[in-house]
Amino acid sequence: MAVLLYCIAKADAPATGPLTGVSGDPIVRVELADLAAFTSSSADKSNWLRAQLQASALEFHRVLSEIFKSTAIIPFRFPTIFDDQEQLTQRLHEQASEYAALLDKFRELAQMEIRITNPDLKKPADSGTQYLKLRQTSTAMIEKFAAELRAILSELTQDWRQRTSKDGTRAFVLIPRGQVAEFGNILRTRPVPRGLSVRVSGPWPVSEFIELS
Amino acid sequence: MSLQPDNPPLPQSRIDCTPENIDQGLAKLVLSLIELLRQLLERQAIRRMEGGSLSDEQIESMGSSLMKLESKIREMAEQFGLTLADLNLDLGPLGNLLESSPASKPSAEETTRS
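So the protein sequences, as listed, match chains A and B.
Under this note's numbering, the first sequence has 135 at position 135, and the numbering climbs by one with no breaks.
The number in this note's numbering is simply the position in the second sequence, starting from 1, with 1000 added.
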């Protein structure tokens, strides 16, 4: 039986209710030493790959979010598939100390995402010059605003990662789980510059901040 | 983005090369790479514009070319049943070739302001 791995948590993580994962397969908790792996199994691993990627990824992320509500997790990319349970067990044995250390490190932390975009970038430009200048001014505005947000959130922020995307910037902010509401309150006090759009989401598993050796 | 173990055993790729979808798969691969190059060229053009090394004519010409290329990529993607959001490649532990769409995540607490 092939095994689809969703995430790893500490073995003392509270039990979740019955969960259904990709392709409707039930989520099974596999415990090994101090770790618990959340998986689903299928005789035919192509079942997980046959559906539309986006739909499967949504089902996968829904499971991660549900488990993350009650405990710290190391989330895995979809699809991380093992040929059988034995292969998964071997992986857990090999990486156990690293996984455990990461789970301890991020136990009380959550990841928030701030996406800053300029909707005008989607509009057609009248000329090549306008096209480039709009992108130039937009990039400068977005970077300036991201820096301002970083400054006003600095007291809550344990770490900050930022990436440029086609239509703006995505900032990932590592904060204590217990301060998600405060994070939102701080952002609500900050006016958004004209022309920009800001989307805040979270709390998410701390996937942007976990680095395995 | 999500975590990937450094070297997971036999992760399955998403490349489906069945006779039914090989055209779309190939189009996705090629267009993703072209879009990556287009974005890099766009950033380089903006840097050169800021550095003052481009004349007004050159700015217009480069901007116009980049704009048309973007439009053409979108048009070709549509012909293969793809959107710009589909033009991406999962590079495993390295993440995605291009930034992923935020719509690909289920919503936790979410607020939008503009």
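Think of the hints as simulated: they come from the structure by calculation, not from any bench.
Incorrect hints may have been included.
Stated by the list, open to error - Counterexamples of contact, computed for chain B against chain A with all Cβ distances above 12 Å:
1. I1022
2. D1023
3. A1027
4. V1030
5. L1033
6. I1046
7. M1076
8. E1078
9. Q1079
10. F1080
Said to hold, decoys possible - Restraint ranges, calculated between C-beta atoms of paired labels, are given here:
11. S1053/B <-> S46/A: 50 to 58 Å
12. P193/A <-> R1043/B: 16 to 24 Å
13. D126/A <-> Q1044/B: 46 to 54 Å
14. K1068/B <-> A33/A: 28 to 36 Å
15. S197/A <-> G1051/B: 38 to 46 Å
16. G1081/B <-> L58/A: 14 to 22 Å
This structure is a prediction, so every number in the text was calculated from the model and none was measured.
Glycine included, C-beta positions come from ideal geometry on N, C-alpha and C.
Holds or violated: is the Cβ of I1046/B farther than 12 Å from all Cβ atoms of chain A?
5 Å, violated
Do the beta carbons of S1053/B and S46/A sit within 50 to 58 Å of each other?
53 Å, holds
Whether A1027/B stays farther than 12 Å from all C-beta atoms of chain A, as the label says
16 Å, holds
So E1078/B supposedly isn't at the interface. Is its beta-carbon more than 12 Å from every beta-carbon in chain A?
Holds: least Cβ distance 16 Å, greater than 12 Å.
Taking 14 to 22 Å as the stated bounds, is the beta-carbon spacing between G1081/B and L58/A within them?
Because 20 Å falls inside the window, the suggested range holds.
Assessment of proposed distance window 46 to 54 Å (beta carbons of D126/A, Q1044/B)
23 Å, violated
I1022/B non-interfacial with respect to chain A [C-beta, more than 12 Å]
Answer for I1022/B: holds, closest chain A Cβ roughly 16 Å.
Beyond 12 Å from each Cβ of chain A, as asserted for D1023/B:
Its Cβ never comes within 12 Å of chain A, the nearest being 17 Å, so this holds.
38 to 46 Å was suggested as the range; check whether the CB atoms of S197/A and G1051/B agree with it.
The hint (38 to 46 Å, Cβ to Cβ) is violated, given that S197/A and G1051/B are roughly 29 Å apart.
Given the hint of 16 to 24 Å, check if P193/A and R1043/B actually sit that far apart at their C-beta atoms.
Holds - the Cβ-Cβ distance for P193/A and R1043/B, about 22 Å, lies within 16 to 24 Å.
Exclusion check [L1033/B not at the chain A interface, CB over 12 Å]
15 Å, holds
Interface-negative label, Q1079/B against chain A, beta-carbon threshold 12 Å
19 Å, holds
Hints 6, 13, 14, 15 from the list above are not met by this structure, while the remaining hints are.
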